[in-house]
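*Asks:* Sequence:
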Amino acid sequence: MAAPIKPGLHSVLKMTSFWLVPTLSNPPKKTEIEAVGGFYITCFLTEENTGWTVQFNKGSAPRLLCNNTVPEVLLPSTTQGVDIVGVVNPQAASSANDKKAFEFLRAGFSGFMARRQNVLNDTADTTTVGEFLDARPVDITPAVIDQSAQTAEGVYVFKAGVAVTGDGFDNIAVVAGP
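Taking my numbering, the leading residue of the sequence shown gets 64, the next gets one more, and so forth.
These are computed hints drawn from the structure, not numbers from a lab. Treat the hints with caution; some may be incorrect.
With a straight-line cut-off of 27 Å between C-alpha atoms, the simulated DSSO-like cross-links for lysine-lysine are [unchecked claim]: (1) K163 - K92; (2) K77 - K222; (3) K163 - K222; (4) K93 - K163; (5) K77 - K93; (6) K77 - K163; (7) K92 - K77.
Pair by pair, the computed Cβ-Cβ distance ranges are [said to hold, decoys possible]: (8) C106 - P200: 17 to 25 Å; (9) A98 - L183: 19 to 27 Å; (10) P67 - S173: 40 to 48 Å; (11) T141 - N234: 13 to 21 Å; (12) L128 - K77: 51 to 59 Å; (13) I68 - N234: 16 to 24 Å; (14) P85 - I208: 21 to 29 Å; (15) P200 - Q154: 29 to 37 Å; (16) A236 - I208: 31 to 39 Å; (17) E135 - G240: 39 to 47 Å; (18) L138 - A159: 41 to 49 Å.
Glycine included, C-beta positions come from ideal geometry on N, C-alpha and C.
All chains, please: the whole structure from these sequences, using the hints.
*Replies:* Right under this line is the structure:
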């Protein structure tokens, strides 16, 4: 008998990246992810931002008269966008780094949210051919400026609602692109 497979544990701290991009193919192209009109939003986001959540739904089939049990059936899963919360300086000029994410989302956004996992996120805003991404088509509401809390820990934030508008893909390798 062979030894059991023991997968490694990988910390998520500083290892998740997000891009908002206007178009995205399957498989995703490096040129689409880094295109003008998109935005690497990772370093603006607070830790609550996971992009989206998936709920797996089950139901019950009819019990047959000859059976003692009711069988379960799988129903379509539900994918919901996680609203964006990011940091902002409300007094910064619109071109300042402290306000770029808010300005990108000021009028809302329709396109794709792409997520890369298990690659350090604070060294470059680019991706590499062969890295794996997840993505969902999204509509994002216009951003509003708020406060995270009225305490010493509070900071100025922007918030925007996120709706997943269709099917996406998971763990697909990035390819080169035109």
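*Asks:* Each hint: holds or not?
*Replies:* Hints versus structure:
{"no.": "1", "hint": "K163 - K92", "result": "holds (24 Å)"}
{"no.": "2", "hint": "K77 - K222", "result": "holds (21 Å)"}
{"no.": "3", "hint": "K163 - K222", "result": "holds (14 Å)"}
{"no.": "4", "hint": "K93 - K163", "result": "holds (22 Å)"}
{"no.": "5", "hint": "K77 - K93", "result": "holds (21 Å)"}
{"no.": "6", "hint": "K77 - K163", "result": "holds (20 Å)"}
{"no.": "7", "hint": "K92 - K77", "result": "holds (23 Å)"}
{"no.": "8", "hint": "C106 - P200: 17 to 25 Å", "result": "holds (23 Å)"}
{"no.": "9", "hint": "A98 - L183: 19 to 27 Å", "result": "holds (22 Å)"}
{"no.": "10", "hint": "P67 - S173: 40 to 48 Å", "result": "holds (46 Å)"}
{"no.": "11", "hint": "T141 - N234: 13 to 21 Å", "result": "holds (20 Å)"}
{"no.": "12", "hint": "L128 - K77: 51 to 59 Å", "result": "holds (58 Å)"}
{"no.": "13", "hint": "I68 - N234: 16 to 24 Å", "result": "holds (18 Å)"}
{"no.": "14", "hint": "P85 - I208: 21 to 29 Å", "result": "holds (24 Å)"}
{"no.": "15", "hint": "P200 - Q154: 29 to 37 Å", "result": "holds (34 Å)"}
{"no.": "16", "hint": "A236 - I208: 31 to 39 Å", "result": "holds (38 Å)"}
{"no.": "17", "hint": "E135 - G240: 39 to 47 Å", "result": "holds (43 Å)"}
{"no.": "18", "hint": "L138 - A159: 41 to 49 Å", "result": "holds (47 Å)"}
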